[in-house]
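Full structure from sequences and hints, please.
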Amino acid sequence: MVLDNEALYDICFRTLKLSTPSFGDLNHLISATMSGVTCCLRFPGQLNSDLRKLAVNLIPFPRLHFFMVGFAPLTSRGSQQYISLTVPELTQQMWDAKNMMCAADPRHGRYLTASAMFRGKMSTKEVDEQMINVQNKNSSYFVEWIPNNVKSSVCDIPPRGLKMASTFVGNSTSIQEMFRRVSEQFTAMFRRKAFLHWYTGEGMDEMEFTEAESNMNDLVSEYQQYQDATADDEGEYEDGAEENYEA
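1 is the number of the first residue of the sequence shown in the numbering used here; add one for each residue after it.
Honestly, the hints are just simulated from the structure, not real lab data.
Keep in mind that this is a model prediction, so the values were computed, not measured.
Be aware that one or more of the hints could be misleading.
To be verified - Below, simulated BS3-like cross-link-like pairs (lysine-lysine); rule was C-alpha separation at most 30 Å, straight line:
hint, residue 1, residue 2
1, K125, K163
2, K121, K137
3, K137, K193
4, K98, K53
5, K121, K98
6, K163, K121
7, K151, K121
8, K98, K17
9, K137, K53
10, K17, K163
Shown next as structure tokens:
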């Protein structure tokens with residue numbers, strides 16, 4: 001799961017209206033999100049999931065295992081008890097680009113898979129209806145060649161101080177924006193050999209850096225390939241998969 005300070009600071013400034021957020025404020029957001037991801041392992045629920053189910057449902061291809069995460073309702077420390085949202089409001093908030101905790105805009109890519117974890121007393125029927133609504137209204141943001149690619153789970157125990165909450169985990173091709181940004185920053189520094197002596201002095205080789213850069217660029221290309229893919233291309237990928245399997 002990818003979390004970065006840029007997106008977390010953005011949430012603190014824009015959504016929570018904190019003028020000088022501390023690392024404690026950032027950690028509050030991260031702990032709320034990670035608690036939501038693992039709640040089904042720790043508490044009873046009507047529709048539970050575990051880490052194995054999450055992995056199976058969210059990773060369609062082995063290399064594409066980097067997830068965007070979001071949480072609703074977003075609250076600053078100490079203000080949780082004043083927030084109360086309905087299931088439709090939670091759904092709208094957690095899919096919102098402004099709630100994502102890594103600096104990539106999901107509207108610039110497409111979702112391969114996604115998972116929504118709700119906490120609190122609510123109807124699974126209402127949750128399922130909201131998930132179907134999201135997919136129907138935003139069908140262009142989901143790849144059409146993976147049907148029913150949103151998994152939902154409902155845990156009965158809400159987070160402390162809240163009546164209901166939801167956590168979002170999405171495998172979106174737009175995460176390539178973040179990898180592109182890291183790659184550009186790395187290239188600029190590596191070209192000048194900045195800080196390189198600290199690593200080579202400890203026994204590393206320059207080729208290891210070049211190889212890591214190449215791997216990241218390959219990952220970006222793979223995300224772009226599946227973003228551009230259509231249902232008509234499915235046969236080609238299946239043929240390729242069979243060849244790899246036979247090899």
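Take the C-alpha atoms of K137 and K53, compute the straight-line distance between them, and say whether it is at most 30 Å. holds, 26 Å
Can you confirm whether the C-alpha distance between K121 and K98 stays at or below 30 Å? Judged against 30 Å, a Cα distance of about 26 Å means the pair holds.
When you check the alpha-carbon spacing of K125 and K163, does it fall within 30 Å? holds, 18 Å
Could you grab the alpha-carbon distance between K98 and K53 and see if it respects the 30 Å cut-off? With Cα atoms ~27 Å apart, K98 and K53 stay inside 30 Å; holds.
Satisfaction of hint between K193 and K137, Cα-Cα up to 30 Å: Roughly 48 Å separates the two Cα atoms, so the pair is violated.
Keeping to a limit of 30 Å between CA atoms, is the pair of K151 and K121 held or broken? Since the Cα atoms of K151 and K121 sit roughly 19 Å apart, the hinted pair holds (cutoff 30 Å).
For the pair supplied as a hint, K163 and K121, is the alpha-carbon distance within the 30 Å limit? holds, 8 Å
Proposed proximity, K17 with K98 (alpha carbon, max 30 Å): Within the cut-off at roughly 13 Å; holds.
Check whether the Cα positions of K121 and K137 lie no farther apart than 30 Å. holds, 26 Å
Hint check: K17 vs K163, CA-CA at most 30 Å. Holds or violated? OK: K17 and K163 at ~23 Å, within 30 Å.
Comparing the model with each earlier hint shows a violation of hint 3 alone; every other hint is respected.
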